[in-house]
Structure formats: structure tokens, C-alpha cells
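There are 2 protein chains.
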Amino acid sequence: MTPVNLKSLAKELNMSIATVSRALRDSHEVSEATKQRVRALAAARHYEPNAYASSLRRNISKTIGVVIPKVANHFFALAINGIEEAARQAGYHVLIYLTHDDYEREVSIVQHLKGGRVDGLLMSVASSTQDFAHLRGLKEANIPIVFFDRVCAEINTAKVTTNDYESGYQATEHLIRAGCRHIAHLLISNNLSIGQFRQQGYLDALMAHGHAPDPGLILHGVMDNEQNVALIRELLLRRPDIDGIFASVERLAISTYHVCKELGRRIPEDIKVIGFSNLEAAALLDPPLSTITQPAYDIGREAAKILLRAVEKKKAVLPGQSVVLESALFARRSTAG
Amino acid sequence: MTPVNLKSLAKELNMSIATVSRALRDSHEVSEATKQRVRALAAARHYEPNAYASSLRRNISKTIGVVIPKVANHFFALAINGIEEAARQAGYHVLIYLTHDDYEREVSIVQHLKGGRVDGLLMSVASSTQDFAHLRGLKEANIPIVFFDRVCAEINTAKVTTNDYESGYQATEHLIRAGCRHIAHLLISNNLSIGQFRQQGYLDALMAHGHAPDPGLILHGVMDNEQNVALIRELLLRRPDIDGIFASVERLAISTYHVCKELGRRIPEDIKVIGFSNLEAAALLDPPLSTITQPAYDIGREAAKILLRAVEKKKAVLPGQSVVLESALFARRSTAG
DNA sequence: TTTATTTACGTAAACGTTTGCAGCAAATCG
DNA sequence: CGATTTGCTGCAAACGTTTACGTAAATAAA
Chain A
1 MTPVNLKSLA KELNMSIATV SRALRDSHEV SEATKQRVRA LAAARHYEPN AYASSLRRNI
61 SKTIGVVIPK VANHFFALAI NGIEEAARQA GYHVLIYLTH DDYEREVSIV QHLKGGRVDG
121 LLMSVASSTQ DFAHLRGLKE ANIPIVFFDR VCAEINTAKV TTNDYESGYQ ATEHLIRAGC
181 RHIAHLLISN NLSIGQFRQQ GYLDALMAHG HAPDPGLILH GVMDNEQNVA LIRELLLRRP
241 DIDGIFASVE RLAISTYHVC KELGRRIPED IKVIGFSNLE AAALLDPPLS TITQPAYDIG
301 REAAKILLRA VEKKKAVLPG QSVVLESALF ARRSTAG
Chain B
1 MTPVNLKSLA KELNMSIATV SRALRDSHEV SEATKQRVRA LAAARHYEPN AYASSLRRNI
61 SKTIGVVIPK VANHFFALAI NGIEEAARQA GYHVLIYLTH DDYEREVSIV QHLKGGRVDG
121 LLMSVASSTQ DFAHLRGLKE ANIPIVFFDR VCAEINTAKV TTNDYESGYQ ATEHLIRAGC
181 RHIAHLLISN NLSIGQFRQQ GYLDALMAHG HAPDPGLILH GVMDNEQNVA LIRELLLRRP
241 DIDGIFASVE RLAISTYHVC KELGRRIPED IKVIGFSNLE AAALLDPPLS TITQPAYDIG
301 REAAKILLRA VEKKKAVLPG QSVVLESALF ARRSTAG
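Heads up: the sequence lines are chains A and B, in that order. So the first sequence is numbered by the UniProt record's numbering: it starts at 1 and just counts up by one. So the second sequence is numbered by the UniProt record's numbering: it starts at 1 and just counts up by one.
Simulated from the structure, these hints should not be mistaken for lab results. One or more hints might be untrue.
The list treats identical chains as one, so a pair stands whether inside a single copy or across any two.
[Unchecked claim] In silico DSS-like pairs for lysine-lysine, Cα to Cα no more than 25 Å straight-line:
{"hint": "1", "residue 1": "K315", "residue 2": "K62"}
{"hint": "2", "residue 1": "K313", "residue 2": "K261"}
{"hint": "3", "residue 1": "K7", "residue 2": "K35"}
{"hint": "4", "residue 1": "K261", "residue 2": "K314"}
{"hint": "5", "residue 1": "K7", "residue 2": "K139"}
{"hint": "6", "residue 1": "K114", "residue 2": "K11"}
{"hint": "7", "residue 1": "K114", "residue 2": "K62"}
{"hint": "8", "residue 1": "K139", "residue 2": "K114"}
Working from the sequences, and respecting the hints, build out all of it.
This is the structure in C-alpha cells:
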């Protein structure tokens, strides 16, 4: 079975490779008659251009990379959905890389991508990442990058986020209005700007309503869910006065449910719970969970669109293109007064 | 800023491109001293080989494609997780494509991939796919393919599935033992072999326990969840005798919960429900949902491993390499007697 | 010494595509 | 009618890497 490429098509058509190539790219310097012949044979032979030869020659891969902590998470799954949609429409391919929130892995992935495998990068940084040297290098490699959700403030590029400060404020206020007096905040590693914003919203809402912030009510989660359950259990036992919980990430809200069930704390009678979550089944939980839900699909799509515009123009992405989308608060029974 | 490639390194080191290339690939025909010099400079200049040039020359892309219906679904998200892990360990990259269960899109994606962008393909076919010509073409393009979960029986290659027949049987039997007399089966498009197996398990379990199969109790879901809710509502109203529901896909179980809540049917008192699901929060639903849970991560990882072995040997994948993994049944309150 | 063999490197040809340049007709213009 | 333009096509050089082949020197075998 002989390979079907420009050369084989050219030979069969008795013309040069150049003409075949131009005909297929619909160049204006090829006669309509020739184009017809070329296209007919290409279709008959099921010709598919070699993506790598083209990429090498044009120095364009028509591919974007997506680097995220995990995929088994509704937020990221939905974001990928949006990213894939935008990429597909623009004729781009999507490479997926998972960091599992591991800094070393993130560095290794980014390093590899400097080889020109992707034209641009979408990224949600790992929670353990503190040093951003590996990301700076991308600028030099001329690979534009757009951060989404878990952004990196130190890098000068576009970012797509949600109104995290306001959401943190609203969630906390929602609990206060529901009658909570001692509200705990569960979050993960606080070196993420996103966590800081939510935390600040939480603190400001407390202050605004005359509640004194209490460091003992702030719990930092870890990667492992088992450990989180233990941490939350310990917190609830140590501070029996806690009557409200604001979870900055879905996993911690779920773990809270498990602990409450285990300790016999009733939701919402004893403790009210609200959490960031994209869980479709939130309304079917026992009790239905009040959530702040981020527009994950839109975040992914918007980030991809911004990136693709930059890629097409071969320009770096500008911070000015940053976008802030709004999350929605769904009050359900877990915070019923 | 000059590009850093083999040529620039060679010039700076006063040696030929070939030697630099060989040194970096740790060839035995380069002296240790030279290797040291080359490696040192490569590191200093942050050299990253151009993936496309290498791919073009070696006719190997070190990339696999994953074609799935959707990603916002715990099963597929977990599968991707397993796939990415296996790929990363083997030094492969992962391209993601979503069909959204659309046949046209699936064909278009597969067609594109014949251009050599990927060394192999992992696939879960779209529920609307009936014709498999586009997949046969892959054989000719010498691209091995491994199906997982939603396999295509007509194509002669390796498949990674779960024991769907047994699971369907067990789920049905579980409902029967819990006292159900009129058990409905909710599934999607039945041209998928996977749906047929589960359905057969359901039917055989009914027969084995002296229940007569009733076509009026089998409901075929569609893409849209709103429509599914309507269909299920109609079914429950039309057949008030239904006291058990076996949902072949997670979405249909969730929709069932919504309908029951709406119609005031109590689970499990009035209707017992069991469904295929990888939802982590299944135990936290109201009531906790009994599930058949597939080892999604392992399915993805196993499929990727089989594919990568074939890719490395540049051989087609053999049907004999097929693997069947076992799902687990978790009995929870939704089927309590 | 001569003749193999090994070691270490360079030369150059691929891989398939794109594209600047040139050529060469036919058409248009002065 | 000669000069210039226009429309179409081919030639050949890239893109960066890998690798078969050649070669010169150094070592080993004779």
C-alpha cells in the first residue's frame, strides 16, 4: 500500500507537487480546472495532509495545550468542554495534561511544551506551585498563555476568573442571614490568588456584619480526601460552636457532609453548609446543597477564545483582555433558616 | 532572540549537527567527553527538540488520540485520568476530541486523525453511530485503535469493557430480591453493544425469577435531559405499577430522582432505584443511590496500556488482547427492602 | 610493517509540506 | 509590432531532526 501524499498525487496527475499543494489550499494562482482535477483525485485517494510536515514548515501546530490539576472534577470537565468547543470551531486540536496539583509535574509539562508542540497554553495552576519561573520561560518561547480560574498573578497575561471576592462575601453573608454566628471557612492552599479572594470576601462579610474573624475557624485542606475528613472532624469536635461552614471547593463540602453524617450533626438544623460546586446532583443531596456555581463551560470557552485570538495574530496575550465572569448562588436546604 | 536548535548548538560547539543530535540521544558512537559538552550547552540554552521535525522524520508522533462522547461525566473524566497516567508514563501526549454523541462529528474527527497526527486511538463510540466505515479506514492508515466501554463489535481490534451482562443481571436481581415486581429498564440508544448486554442481563434475570419481560417497561432515553425527565414522567404515570427502576446510565438515574421528587413517589418505599454511576456523591444523595460502579480509571489505563504496547511495536491491536474488568454493586438505601 | 577492526565524527539525504522565485505562454497595451 | 502584464505552473530551497554511509585516526591483530 503506497503512501498517499502530495508527491504521489502529483505524479498521478502529471503535475508538480507545488501545484497540487496550492490547489488544495485553494490558492488563486491555480486555474479552476486544475483545482477540480486535484480535489477529485485527493478525495478519491482519501488524501489527508501530514500535520507534522505542515507544522514544521509553517511553524504552526494548530494545537493548544491545556494544563490542569485534575479532570475528575466537574468544574474542570466542564471547562474542557468549553475549551474543546472553541478549539474545534477554530480548527485547533487540544492536548490535555494533568498536574495532579504537583509542582514538579507542572514544571516538567511546561518545559516539554516549549518544544513548539503547542501554539498556546491554557492553564489552571497547581495548588502547590509557588515559583513561576517555568511559566516566565513561555514568554521567551513565544507561546502565549491564558490562565483560567486558578490564575497566577505574577505573570503578565490574560486571565479568566470568576468574581471570587464577591462570591466569598455573598456566601458568608448568606450564612449570616440564615442565622449562623460561628462560620468556618474551608479552603485549600492559600497561595492561590483565587483562595485569597474568597477568603477576603469571607472576612469582609464577617466584619461588615459585626462578626469578629477568628483564625481558629479557618481550615486549610490537603490533597487527600481521607485526611480532609479527619481535619474537618477534628475542627467540628474542637469547636462545637461552629454553626455554619463555607467550603471554597466542592471536595471540602462533600467531606463536610460525610463528617456531619458521622458525627450526627444535622444539616441545616445544627450546621448550615454552602460550598463552591458544579455538581449537577447538588439539588439531590441529603439535604440539597446550597452552592456557588461557577460558569465553568463559559470560563473554558472564553479563555480558549482569547488564547486563539492571540495565537492567530502571533502576539502575546495582554492582561487587558482579562475577563471576570459571575458565579451564581443557589440557596437550597443546607442553608435553610 | 536567535532560535535554539541543533544547528545553533552545533555551531557554538564547533561540531556537526549529527554529533549534537547523537549526543543528546545518548548514542554509543559519541565519546563521553563530547556528550558532556553537548548536554551542558543544551541545558544552558534550554534546548527543547522540535517535536514536529522529529515526528516528521521518524514518522512517530508520540501522541495518542482519545475520542469520547463527552467529558462532563464522571465515567469519562476518570477514564481520561487513567489514560493520561498511562500515556505520561510512556512519554506520550494525549489529544482529546469530543463527539457529543454526534455521528457526523465522530466521522470528521476520525478522518482528520488519519493524517498521522496520532500514533494510535482510544475510542468510546457515539451512541448515534451506526455505520463504521470511518473506523475501518484507520486500519489502512495503520493507526491502531482500542475501544473502551462503548465498543464497536464490527471492528476487529482490542476492546476494554466491563462485565455488562452480569451487571445488568445482578442489578435486576438485586431489585427483585428487594421485592420489586415491575421493573423498568432505562437505557440509551440500543445499537450500542454495551446497552444490549445490560439489557440482556436485565431480561435474563427477569426470566430466571419468573417475571415476564414487558416491552412497555423499557425506555430509551435521548441526549437531552429535559426530554428524559418528560419521558420518565410519562412512563411512571402510564404505568403506576412500576416499583423498580434499573437505569443503565447515570443521567437517567438522576432524572428518575427528579421525577420521583416531582411526582411525590418515595424512594425506596414506592419505587426502588439502581443505576450505573461513577458519582462520588452517590452515597450522599437523598436517598443514597444504589449503584453499579465501573472501574473507570482502570478501564482508561488498561486501554491506554494495550494501545501503547501496539504502538511501540507498530502492530495492529489484536482482539485477543481484549480485557473485561468487573464493576461493583453498591447497595444503598434507594433499593432498601 | 601491513591489514583488520574499532572509535568518533562529518556529509548529506531523507521525512512531506509550503512558498519565493523564475519561466513561459497568452493576453493586453502603447 | 514590440513591450509589458497576467495567469498558470515548475524548480528548488527551506523547516529541524534523524540516520545510512563514508572517512580519518587510533588501536588491535597478523
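Hints versus structure:
no., hint, result
1, K315 with K62, "within (15 Å within a copy, 28 Å between copies)"
2, K313 with K261, "neither (54 Å within a copy, 52 Å between copies)"
3, K7 with K35, "within (16 Å within a copy, 38 Å between copies)"
4, K261 with K314, "neither (54 Å within a copy, 53 Å between copies)"
5, K7 with K139, "between (38 Å within a copy, 22 Å between copies)"
6, K114 with K11, "between (38 Å within a copy, 22 Å between copies)"
7, K114 with K62, "both (15 Å within a copy, 16 Å between copies)"
8, K139 with K114, "within (10 Å within a copy, 33 Å between copies)"
Hints 2, 4 from the list above are not met by this structure, while the remaining hints are.
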